[in-house]
Amino acid sequence: MRKMAERDLFPGALEMMILRMLKRQPLHGYALVQQIKRTSQNLLQIEEGSLYPALQRLLKAELVRAEWGISSTNRRVRIYKLTAAGAKHLQREVSSFERMLEGITRVLSPGES
Amino acid sequence: MKWIKQLFLRRRLYDDLDEEIASHLEERIEELVATGMSLKEATSAARREFGNVQLVKETGREAWGWRRLEDMFVDLGFGLRMLRKNSGFTIVAVLILALGIGANIAIFSVVNTILLRPLPFPDPERLVRIVPKKAGTNESGRTYTADATQDFQEQNRSFQSVSGYFAFTGPDNFKLAGKGQPVPVTGILVAEGFFQTLGLEPALGRLFRSEEFVQHSQPVVLLSYPFWKRQFGGDRSIAGKTINLSNTSVIVIGVLPDTFDFGSVFSPGANVDLFAPYIMDDFREDGNDLALVGRLKQGVTIAQAQGEADQLFPHLYFEHKHPDYGKPYTGQLTGLREYISGKLRRSLIVLWSAVGLILLIVCVNLSNLLLARAAARSKEFAMRRALGASRARLVRQLLTESLILAAAGAALGLGLALVILSYLANQGSIALPLLTMVRVDGAVLEWTLLLTVGAAIVFGTAPGLRMSGGNLQGTLKDGGHGATEGKRHDRTRSTLVITEVALACVLLVGAGLLLRSFLRVLDIDLGFEPSHAAAISVDYDSGGSAAKQAAIWQNVVQRASMLPGVQAAGISDNLPMSRNRGWGIAAKGEEQRPNSPFIGVFVYIVSPGYLRAMGMRLLEGRDISWEDLSNNRNVVIINKTVARKLWPDRDPVGRKAFAGGAEVEVIGVIADVRESGAEDNAGAQMYLPATKQFGPEGCYLVVRSKLSPTALATSVMSTLRQINPAQPATEFKPIQGLVDHATSPRRFFVLLVGTFACLGLLLASLGIYGVISYSVTRQTQEIGIRMALGATETRVQADVLWKTLRLALIGISIGIIASLAVARLIASLLFRTAPSDPVTFLGMVLLLGAVALLAGFLPARRASTIDPMTALRTN
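Residue numbers (numbering that gives the first Met the number 0), protein chains in the order written: chain A, 0 to 112; chain B, 0 to 874.
Isolated chain A, as found in the complex:
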């Protein structure tokens, strides 16, 4: 019951992606999911619902701000914006992720075996 998010994402990955998307432009929840799916070309299996707890966590940490507004389809939606702290956090996360990725790539790279 509890295994909600498919385990192909590491903890914090969803948050990182959300922040990255929001850095480009403020978005509401539904648009955010579609953006992530489209950008990843559906390589990542994200249960749509799992986005919202992540957004709540980011709100609580004040990395994003939310305001009610009207969407392009004329719907009342909550639009999320990146805060200054969120931008800084994203930068740190990305650079640490890149270092990790580099490490993993080196270990996995051919030529070792």
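Derived by calculation from the structure, the hints in this document are not laboratory data. Take these hints with a grain of salt, some might be off.
Unchecked claim - Cross-link-like lysine to any residue pairs, in silico, SDA-like; alpha carbons within 20 Å at most:
#1 A:Lys-59 - B:Ala-550
#2 B:Lys-691 - B:Val-565
#3 B:Lys-228 - B:Gly-239
#4 B:Lys-691 - B:Asp-281
#5 A:Lys-22 - A:Leu-107
#6 A:Lys-36 - B:Leu-24
#7 B:Lys-84 - B:Arg-376
#8 A:Lys-36 - B:Glu-25
#9 A:Lys-59 - B:Arg-60
#10 A:Lys-59 - B:Leu-518
#11 A:Lys-59 - B:Asp-14
Chain A is already provided as a structure; the job is to place chain B on it using the hints.
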């Protein structure tokens, strides 16, 4: 403090989230419908992609971190609703718990007061009681002379101070004259520094000063707090006022603190009204009469002080004037707390365990009730699990419900305990130390909290695990009538009932053994007849003349004997099982024998007729006569123990002995009288006439009559008033009261353990009834089929009863084994009863079995009246 703001705004935050999710789903559905899907298909596709909406909402909320707090409130609210819905169940559960927890709180308060809480003195661990080694119950053998005390005070280096009190005070030994009738009061003489040794500060005024312990100084008294409140209405200007006490003008110098109850510390059950100085010089030649208390110096251990005492005591003089008097002293040092409550420790622990057992039975019973309810609620829980509730979440929910029950039970139980305790604290007739100080304090409340949570966990866990586990599909599909689930369920419940029966069996056997011991105690030949006799303290003024005193006694006894309804009357200075004193007696011609020919005896100065009034049995010889008194003849009546010790194999009547510093002639032998208590062996006793040599210490008129003491009181009192108009309005007390007082600790324990055992029996039978009744309900169909196939009513009934009996027998068997072990632990509390007493065991087993069968009988009868047609049709 932002989180506080957020806490209050959380409703908004949650609403936002809900709305957002709803809008998300709408948008998706709209999009899918636009691609040509039907609304229904689109809705279910959108939901599938989104995942578990409720779960997302919950995890979203969790991000804010109040989940646990909120869950608790939700659980509380839900629990309260569920309990209100099942109000019948709730009331029964709370009542049972209130009984169990209330009894535990009450007993813990008593244990806490007597065994655990420090004594109400500063640095109580430094207080020590000093008593001669191998001291018996004879007070004279437990006390020291003024000279010995003074020497020890001067010579010791271990004590900050040593003091004592006069140990031979009977109740109502003074009379307070004022407006109207004189009032009898009880006063204790205390040696210099007594209150300072205990570390007391007066509530009002001051304590005694050194110059007040000198002969011919101004008489002064200190009042006890309750007496000051009662007699002087709490008059704050009392210090310095003069009162008339036993015809002497005495200055009240102060009031002792409310926390100090002399009786409850030094003489359980006694009420002391005032204190006066014990002036050593008045008592130099009176023998042992001071009970000693000391306060050790900082850092000195009892063992060190004991070492010193072992050096000093053998060299103390009984009397400086007569260095050759008395045997060498010894001194055993015991911490005051240990001295007061050491003997009670085992009884109290037994009581504590018994009441703990009761709570355990209560928990098992409740567990069982909850399990029965679990069957009814299994669908609800299966549904909640299917909807995504985790198992831990459900267990938590159920434990919350258990906690609500336990808390309600504890609240009610606390009220119950307060009632019991206020009764006990004001129950002067129970001779248990410190009992008047019993109250609910911080430790008791902590214990209550611990019990409440502990009980909730104990009775809530099993049903919680059972309900939250199990096969979801099976439970959801059929209405909880699945054969396998039902069987498993049944087995758990049967195990619980067997546990309950076994626990109840242990309690019953324990209570049975104690009860039998108590009956044995009541059965003892006391050597006197306590029923139909009553005593009253008599006041007179003989001006120190033995002849005048004899005349007054004769007048009192003869006039009392002639009152209508009176069979016999007599006077004694001491009554059995109350205050006592001891002297020595030796057979003439052998008093020079080495190793001290004197044996310690209890001394009674009595008038003719006293033996008959008390119902004591004269075995040989005659009673004291008025002629003995008028001719100042020194005669003595001894009891059988003395006769056997001094003149084994010879007739003692007519022989000469030395007693009380005079030569006396033995004129009679009486059967042994239980002196200090029903359970102690009768000691050596002698009865002397009130002549020049033998001064009485008080005067009690004992009257034997078929009339009740209240009916006699008026005529006896008016007779006494005619003889002495200053006779105070003392109470006419039945002699039975003395015996009851002496047996009261045992009565107290038996009553309590017995009550717990009855409670245990009741709970166990409730448990049996519940299980059997439930299984009959569950098997209605099966029974119906069997009856349709020809089973008779008797057969069906016998089957159910057999099932009951099987449960009971297993429980009883386990209980007997446990009881045998437990009985050995309480062996030292039993009186003339073997720990494996077959009568008790058999009796209790039969009782338990009979009650169990009775509990099974109701469901059995119901089973036998099942109509096969109805039973088969209802499903």
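- Query: Taken at face value, is the distance from the CA of Arg-60 (chain B) to the CA of Lys-59 (chain A) at most 20 Å?
  - Reply: Cα-Cα ~10 Å, so holds.
- Taking only the CA atoms, is the gap from Lys-22 (chain A) to Leu-107 (chain A) under or equal to 20 Å? violated (31 Å)
- Are Lys-228 (chain B) and Gly-239 (chain B) close enough, with their CA atoms no more than 20 Å apart? Holds: Lys-228 (chain B) and Gly-239 (chain B) sit about 17 Å apart, inside 20 Å.
- Message: Against the 20 Å threshold, does the CA-CA distance of Lys-59 (chain A) and Ala-550 (chain B) hold or violate the hint?
- Response: violated (101 Å)
- Query: Does Leu-518 (chain B) lie within 20 Å of Lys-59 (chain A) when you go C-alpha to C-alpha?
  - Reply: Answer violated: Lys-59 (chain A) to Leu-518 (chain B) is near 74 Å, above 20 Å.
- Taking only the CA atoms, is the gap from Lys-691 (chain B) to Val-565 (chain B) under or equal to 20 Å? violated (30 Å)
- Item | Pair hint Lys-36 (chain A) and Leu-24 (chain B), alpha-carbon separation not exceeding 20 Å | Judged against 20 Å, a Cα distance of about 16 Å means the pair holds.
- Message: Checking one constraint from the list: CA of Lys-59 (chain A) to CA of Asp-14 (chain B), max 20 Å. Satisfied?
- Response: holds (15 Å)
- Task: Decide if the proposed pair is consistent with the structure: Lys-36 (chain A) and Glu-25 (chain B), CA atoms, cutoff 20 Å inclusive.
- Result: Holds, because 19 Å separates the two Cα atoms, which is no more than 20 Å.
- Message: Does Arg-376 (chain B) sit within 20 Å of Lys-84 (chain B), going by the straight-line distance between their CA atoms?
- Response: It holds: about 12 Å lies between the C-alpha atoms, which stays within 20 Å.
- 20 Å limit on alpha-carbon distance, applied to hinted pair Lys-691 (chain B) and Asp-281 (chain B): Given that 20 Å is the threshold and the Cα spacing comes to 19 Å, the pair holds.
Hint check: violations occur at hints 1, 2, 5, 10; the rest are consistent with the structure.
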